[in-house]
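Peer 1: Build the full structure now, drawing on both the sequences and the hints.
Okay, here's what each chain looks like letter by letter:
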Amino acid sequence: MVPHLSTIGLSKSYRKGREAVPVLDGVDLDIDQGDLLAIVGASGSGKSTLLHLIGLIDGADGGQIELNGERIDNLPNRRRDALRNRTFGFIFQFYHLLPELTALENVLIPLTIRYGPLEYLAKRRRFRAEAEAMLDRVGLSHRITHKPNELSGGEMQRVAIARALVGGPSVLLADEPTGNLDANTGREVLDLLRDLNRERALTMILVTHDLGIASKADRVVRLAEGRLEEWSPVLA
Amino acid sequence: MYKYLLCWRYLRTRYIALASIISVMLGVATMIVVNSVMAGFSTMMQERLHGTLSDIIIESFSLNGFDNPDEVMAAIQEAVGDRVDAMAPSLQLFGYAMIPVGGGEHLTREVQIIGVRPEDRAKVGDFAQYLIHQPRPGQDEPPKAEPTFHVPDEYRLNTYAGQVYQQTDPDDPFADILRQDMESLVPADGMILGYAIGTVHRPETGEDMFIAPQGSKVILHFPSAGRTPEAKTGEFTVVSYFKSGMSEYDSMQVYVPIDRIQFLRGQDGFVNQIQVKAKPGTDLDTLARDIRLAMEGKWPTRFLVSTWEQKQGPLLAAVQVEQNILNILLFFIIAVAGFGILGIFSMIVVEKTRDIGILKALGASDSGVRGIFLGYGLTLGMVGSLVGMTGGLLFVKYINEIEKGLSAITGRKVFDDSIYYFPEIPTLVEPLTVAWIVIGALVIAVAASVWPAQRASRMHPVKALRYE
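From first to last, the protein sequence lines stand for chains A and B.
Taking this note's numbering, the leading residue of the first sequence gets 1, the next gets one more, and so forth.
Taking this note's numbering, the leading residue of the second sequence gets 1, the next gets one more, and so forth.
Incorrect hints may appear among the rest.
[Said to hold, decoys possible] Covered stretches of chain B, as calculated for chain A (at least 3 residues, CB under 8 angstroms):
#1 3-11
#2 157-168
#3 311-323
#4 363-369
These are computed hints drawn from the structure, not numbers from a lab.
All residues carry an ideal CB built from backbone N, CA and C; glycine is no exception.
Peer 2: Set out below in C-alpha cells:
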C-alpha cells in the first residue's frame, strides 16, 4: 500500500555567514492515512523545518515529498498554493490568527482564499454555517464575534484548529500546538486533536518537545542530527 | 475574496492610512481650486479681449489707412456676407493726452486714439457694455453709459462762465462772449476716456479719484496725415469712461468721433481698421482666411486680416504657459502625497509581516498578497481623490462667500476687486481637467503602493511567520 505521505532523502541547510549549517540530512518518513505521528527532538533540531517542508511553505535543498505516491514538492507555485489551501491544515505554536478579524472570520479565511469574490458571496451562507459548526465542534460557539485579543490562549488555539479544519484537509500539521498553553489547557487541546484525528481519519503530524504529549501519538519519531529514528516512549 | 476583506478591514482599522488619504485629498482639492480659478481668470480675460477687439480685424499696413472703407466693407459683404453680423470702420493712431489738473498744469499720458462711430462700434463687440459714467455723490456703482459722444448742455452750464451766462439776459452783448467762453471750456466733441487714464486708484481708501471728471476738457496731440507727419491738436470733452477690466486697454485707449479726428488730421474719409463681428457659431479662422482671400483678390498686399486670438496670440499663449507651469508644480504636491503613501505602506507591510506569512501558509498566492496592498492603495487613492474632488468643487462653488468670510475675519480684503476690476473671483470648472486630476491622483496612489506590495508578495512565509 502506498503511504499517504512520505519524504525521501529530504535535506535542508541554513546559511550562517559563509557556512551552510545542515539541519535535515536525508530524512525518510512514511505516514499512513489516519496516523497520528509525533516528531520529537531538542529545540533547534529541525522539527519545525521538517514540518514546513512537508507543508510546502518552505523549499527543500534535496530529496522529495510524495502525497499518495505523487511528488508534490516540485509542482508549480499555483498547485503548491492550492495544496496548502486544500490538503494541508496548519496549527502553529503562537496561533497566528489575524488580529483585525473576528474568530468566525479567521476561521473563514481559508475559504476566502480558495474562492473568488463572486463564488464566495454566492455560497457565503453555507460557508458561514460550516465555520460556525467547526467553532461549535471546538467548543467556541459562544465567542464567534470576538477578536483574537479578546480570547484566551486556549481559545485562540481552538480557533486556529477550526481554521485548519474548515477547508476539509486530509493532513493536519501541528507545530508545538500546546507549547504556549498551560498543562490543563494543553491537555484539552491535545484531546481535541486526538478526537478529530479519529473522527475524520485525519493524517496528523505533531511536532513537540514534550514527551508526555508525544506519548498520545500512534507513533513517535525522533529527529536528531538531521535524521529520523523510530522512538518508543517505553524505551526512554 | 480575502483581498477585499482584508483591504476593507485594514482601511477601517489603520488610522495612519488616513494621513495618506488626507494628503491625496488636499493635493486634489488644491489642484481643482487653482485650475478653476485660473481658468476663470483666463476666460474672463479672453472675453474682455474679445469684447474689445471684435471677432476679426482688417487693418491696413500703413497708419494713414485707406479712403474707401465703404467699398471694402461692401467687398467683404459680398464675399462672406452670410457669416457676418456687423462691421465698423475705425481710425487708430498713437498720440498723447494732456489732462488739465488745475493751475495751468497738465498731466500728459501716452494714449491710443481710436476714432469710431460709437453706435457702429457697439455692434461689433462688447464696447457698449464697458461704458460707464462717473458716479454722482452717494452712488456706489458707476451708472452705465450709452455709446455716444454727445456733450450735454449741462456740462457747459456747470462751468463758471455757464453760471454767469444763465443769469445774463440773452440780448446782453456779453452773452455771446460768455457762450464762446463756455464752448472753449467744454468743446463740442465728446470723448470716451480709458478709465485708468481718467482716474487714480488710491489703495489706502480703495477709491478711484477722478482726475479727468465728466465734462472736463482733454487735449489730444497726434500726427497728421501725410508722409511727413506734423503734430496736430484736438480738444475734447470727457462724456464717459471705458472700463473693460483689461488694464492694458483701460490705461491706453481714448475713443473720439471718427469724423472729427479725420478732419483734424486733414484726411476726410480715411480709416485704417475695420472690425468685423461674425454670426454666432462661425469658425473664425476659416472666416478670416476667406476674407483674406477676398481682400488679396481685390487689393493685393494692402490689408492684414487677423482674428482676435491671432492678434492677442502672445498674451493668450503666456497665460497658457503660466497655467501649464502651475499645474506641473501643483502635481508635485500629489507626488509628495504619493511618497507619503509609499512610506506609510512600507510601515504597514512591515507591521503585517506575520499576517502575510499566515495568509501564504494558508494558500494565498504571491499575486493575491500583492493584490491586497495594491487594492489598498487604490482604495486610499479613490477615497482621497473623491473627497478632495468634492471639497475642491465645493470650495470653488462658494469661493466668493469664503473670500468674504476671510476678509471679515482678517479685516483686509483678500480679493481686492479694484485691482482686477472683477466684482467677484471668476471661476470655471472644466470637467476634463477635474477628470485628469483625479486619474492622476489614482495613478500616483497605485504607483506608490507597487513597491511595498511587491515586497509583501515576495516575503518568504517561514521568515514572515517567525517575524516578531
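Peer 1: With reference to the structure, classify each hint as holding or not holding.
Peer 2: Evaluated hints:
no., hint, result
1, 3-11, "holds (count 5)"
2, 157-168, "violated (count 0)"
3, 311-323, "violated (count 0)"
4, 363-369, "holds (count 5)"
Consistency with the previously given hints fails for numbers 2, 3, ordered from lowest to highest.
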